[in-house]
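The residues making up each chain are set out below.
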Amino acid sequence: MRPSLQSFGIAGLVVAALCLPWVVTVPYFLQLIILALIWVVLAQGQNLIQGFTGYVSIAQAGFMGVGAYCSTLLTVKLGWSVWLTLGIAPLFTAFFAVLVGYPSLRVKGHYFAIVTLAYNMVIYIILFTYAALTGGEAGISSVPRPADISIGGVVLSFSGRIGYYYLVLAAAGLATLICALILHSRVGRILVAIRQNETLTEAIGVSAWRYKLFAFVVSASLAGLAGALYAHFIGFLNPDPFGVDQSLNAILAVILGGSGTLMGPVVGAFAVVFLPEYLRVAETYRLVMYGLILVVATIFMPRGLVPLAAQLGQRLVAAFRKTNG
Amino acid sequence: MIVEILQQMLNGLAIGSVYTLIALGLTVVFGILGIAHFAHGSVAMSGGYLTFVFTERLGMSFFPAMAMAMLAGAVVGLLIERLAYRPVRDAPHINAFIIALGLTMMIEGINLLVFGADQVVIQTPYRGVFDVGGIAVAELRLQVIMTTVVLIGVIAYLISRTKTGKSIRAVAQNRPAAVLMGVNVNQVSAVVFSVSSALGAAAGALVGALLAIAPGVGEGLAVKGFAVLILGGLGSIPGAIVGGLVLGVSESLAAGFISSAYKDVIAFLVMIFVLLFRPEGLLGKRS
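Here the protein sequences come in this chain order: A and B. Under this note's numbering, the first residue of the first sequence carries the number 703, and numbering increases by one thereafter. Under this note's numbering, the first residue of the second sequence carries the number 869, and numbering increases by one thereafter.
Just so you know, the hints here were simulated from the structure itself, not pulled from any lab data.
Okay, the calculated bits of chain A under chain B, using three or more residues with CB under 8 Å as the criterion:
id: 1; stretch: 809-816
id: 2; stretch: 821-831
id: 3; stretch: 994-1001
Predicted, not measured: the structure shown is a model, and the values here were computed from it. A virtual CB, placed ideally from N, CA and C, is assigned to each residue, including glycine.
Build the full structure now, drawing on both the sequences and the hints.
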């Protein structure tokens, strides 16, 4: 009964997502939805290291910046195809993450978090200061969109919002799929074991650091992909979106949605993109409210919205069966 | 050249003693309660802003204003412990850390709302500069170093000589055993948080006098405080002192001889280097 219900739900979600641009015709909403889908890629990566493995990384925005600048510089300065650089950006970010992940995974828990935070600060400072390459605060304008693709006479255009929507939808689907595959594999079970009891996991003979590094690198490369998608969508790039507060937002997305679940980051990503839009009246209080939400959510619903909703749903179904049976 | 190096080292000792103060506040909370209190830097900034308000608006002189800010910091610390950290004391450590991140956002936001986004420098009467063999010794830097020494002395006395200190050490060593011996853990963590936040407020006041305070500075300070702990060895007070001075001096040398724009980058590189070769810290014990 349950698996079929689940696959039914997933199929419905996919159909709804595919039809969405014809239902949501307001460009403003489509814009937000595209940003939210880019955030899904980012949050899935964050969830892999934070939710599954239990290591809070505060470098996600920094890695996003690495991917964004990698893809942008290759297209703008060297004239490479955006399709190519969309593939290169996550790989380059992964390479970068291997280099920085190795030393930082020698420390555990909080100290890992602090070290990754230091990385984010270093990346941000370099993006700001090394203006000869990155353009500094003035940034790089006219970052190109991906070129049109024609398959058998049908031209797929990505210069408009609708085309780009399908591109980021595919990316969000891919990121979720990657995380699902990892979670259901041996590697995923080891990651969860590390979260639950790292000492015991190592005692069984698993060299935990390899798996932690794997989770860290995959999470970083998803962030790199999100960064590249972001840069080519907005069309303008400067270091502002890649500061530490954005990394904190990624953590908020995972906590709010439900850490360690597959759907949690999706819900959380939409929440962190749409909440500020609706809290715009309280722009000055935004930071305070975000912090408050994070604190209250961690104290009162540490498992997040998705598990909470699932629990409520199960209770409803049970109550419904009781009254009918 | 030598004079220049000594000059930069002296400047580094002053800023390094501020890092030591920050790290001291972090290390007592981490060593005793196991909480990575990331919001500490932002609390420190609140202390700095308060000191600024007390000196500018109320016309107080620097040290009384700093003492008032420390008192306010202690109250903030009590509130944070009671309202935010105590509810998750028995939850996984990661929850406390996420709460710390949330608190950081809240306190940064409150600082921004109450004190504005402008950079603030606390004016002090210590403007004299002595010339010692070609090295310019600023009176303010000496005052900062002296204040740090006094505060470290007070903390050392509190922890090693008083009854409260004894119960703090007992909780640090073995919390369940301490509880069985009748130590009031709630009281201990309240004391630890108020002392730590008071130290943070003092550090914020010194940063405001020495450099400047502005939004975002607090997060940087917290990261540097943790960098000091990583450098010096976790939970070790001598480690915090040595680590703070090493970080301050290397940063100052980097700013003087390499590039001031990249001085923070160099500070973090030092930390990463130590992690690679001595993950237990300069003064930590190899396990």
